[in-house]
Each structure stands twice: as C-alpha cells, then as structure tokens.
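Peer 1: Residue numbers (the numbering used here), protein chains in the order written: chain A, 473 to 585; chain B, 7 to 119.
None of these hints come from the bench; they were simulated from the model.
C-beta atoms are modelled at their ideal positions from N, C-alpha and C, and glycine is treated no differently.
Any given hint might turn out to be false.
Chain A side only, calculated, beta carbon under 7 Å to chain B, not exhaustive [said to hold, decoys possible]: (1) 514; (2) 515; (3) 516; (4) 562; (5) 572; (6) 573; (7) 576; (8) 577; (9) 579.
Pulled from the structure, derived: some chain A residues nowhere near chain B, Cβ distances all over 12 Å [to be verified]: (10) 487; (11) 543; (12) 566.
Output of the computed footprint for chain A on chain B, the stretches with three or more beta carbons under 8 Å from beta carbons of chain A [stated by the list, open to error]: (13) 33 to 47; (14) 109 to 119.
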Amino acid sequence: SQTIHQWPATLVQPVGSPLSLECTVEGTSNPNLYWYRQAAGRGLQLLFYSVGIGQISSEVPQNLSASRPQDRQFILSSKKLLLSDSGFYLCAWMGQENTGELFFGEGSRLTVL
Amino acid sequence: AQSVTQPDIHITVSEGASLELRCNYSYGATPYLFWYVQSPGQGLQLLLKYFSGDTLVQGIKGFEAEFKRSQSSFNLRKPSVHWSDAAEYFCAVGLNYGQNFVFGPGTRLSVLP
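When you get a sec, could you build the whole thing from the sequences and use the hints?
Peer 2: Written as structure tokens, this is what we have:
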C-alpha cells in the first residue's frame with residue numbers, strides 16, 4: 473500500500489536561517505506531488521506542485537522553493553526564513569490515474585522566531 | 007477565478023444531533039468536488055468526492071454530500087454526530103481534471119457531550 477512520510481514533524485528556526493522539509497512517497501510511481509501551507513485559522517494554500525522529476529510549478533511567488541530530485545521525493549526549501557513563513561506545511565500526492573483524491577502527510581509545524 | 011467558500015467558521019452541535027456544513031464554489035466548468043477532514047495537528051483525509059452522476063454521494067464515517075448545480079453548492083451532512091467527528095472540515099474544488107485543487111477556508115466542528 474502507499475504511504476507518505478514527511479519530516480521533520482516540528483521545527484523552530486530563527487529568522488534568516490535556511491529551511492528544508494522533506495517528503496517521500498512509497499508504494500506508487502510517478503505521482504503528482506504537492507506542497508501546501510496552512511496558516512492558523514485559514515485554509516490550505518497551494519505552494520508548489522510537481523507532475524514529474526525536475527518539474528515544479530509555483531503557485532505563489534514567495535520566499536520558498538521546491539525541488540523533486542527523485543520520482544517520489546519532494547523537498548521544500550528556503551535560503552532565508554521570514555516570520556511570515558511560520559505555519560503548518562503539508563505534503564500530498566495523487567496517483568497518475570487522477571482519481572482526484574489527494575493523500576496527505578502528517579504535516580510539519582514550522583515556527584520562525 | 008475559482009473560489010470555494012465555507013460560510014461557517016465554527017459550528018457547535020450536541021452529540022447525536024444532525025449536522026450540515028455548507029460549501030459554495032465558483033468555477034466555470036463542471037467541478038470535481040471534495041470534502042476532507044483534518045484532526046488537530048494531522049494531515050487531511052478524504053471523506054467523499056463528486057465527479058459526475060448521482061448528485062448525492064456517500065462517504066466514510068457516515069457522511070454524505072449533495073451537489074446542487076443550480077446553487078453551486080456541495081453541502082456535507084451527517085444524521086447523527088459522534089464526539090469523534092470534532093475536527094476541521096474542508097471543501098475543495100478540483101481543477102484541470104483533478105490536477106489541482108482550491109480549498110475552502112474550513113469549518114471547525116465542536117461536539118458537545
């Protein structure tokens with residue numbers, strides 16, 4: 473069966489420090505991969521999605537970047553964090569059959585101080 | 007532009023009472039519609055989805071939703087709420103044949119014993 477792993481689960485970082493959140497999917501190949509951010513009391517904001525290795529679409533211009541170095545690996549990065557980057561980051565995948573169902577990881581809570 | 011609204015930010019119901027969570031969308035084409043549930047500090051889980059056909063769809067955990075094209079609505083219902091249903095509920099529209107999604111802001115459900 474398919475599983476999705478996301479880490480670290482929680483992270484506290486100072487302003488101006490770098491960021492790397494990692495997401496891996498097991499049990500499927502060539503999935504669509506997504507990074508969402510959920511700010512307190514707000515819905516989900518799509519940050520990036522990828523339909524294949526090295527293919528990244530950015531939905532919101534910002535301080536963050538994403539990479540997909542391997543088929544089932546999706547990384548969210550920043551060179552210098554801002555206070556406004558604090559939030560709950562969710563990785564998700566969808567199979568190539570495009571059933572429309574997103575499968576979410578457990579999330580990474582980022583606090584920037 | 008595509009959008010999803012959930013008019014109720016927070017709803018409180020007593021255990022055993024019926025529940026209806028509202029969702030309205032704005033999308034030019036025939037939408038793919040979804041309801042997801044999120045427990046605190048967790049990722050999202052799909053409750054149900056509508057692609058086409060019968061406008062009343064059944065989901066997991068005893069939930070159902072009805073698609074009403076004339077009202078651009080996809081309201082979620084449950085006849086008898088359980089304490090374990092306390093969570094945040096998100097309505098979403100799938101775009102580009104499910105390649106991408108727009109999420110509503112969410113409705114937080116509290117259940118009184």
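Peer 1: State the violated hints by number, sorted upward, taking the hints as numbered earlier in the document.
Peer 2: As far as the earlier hints go, only 12 is violated by this structure.
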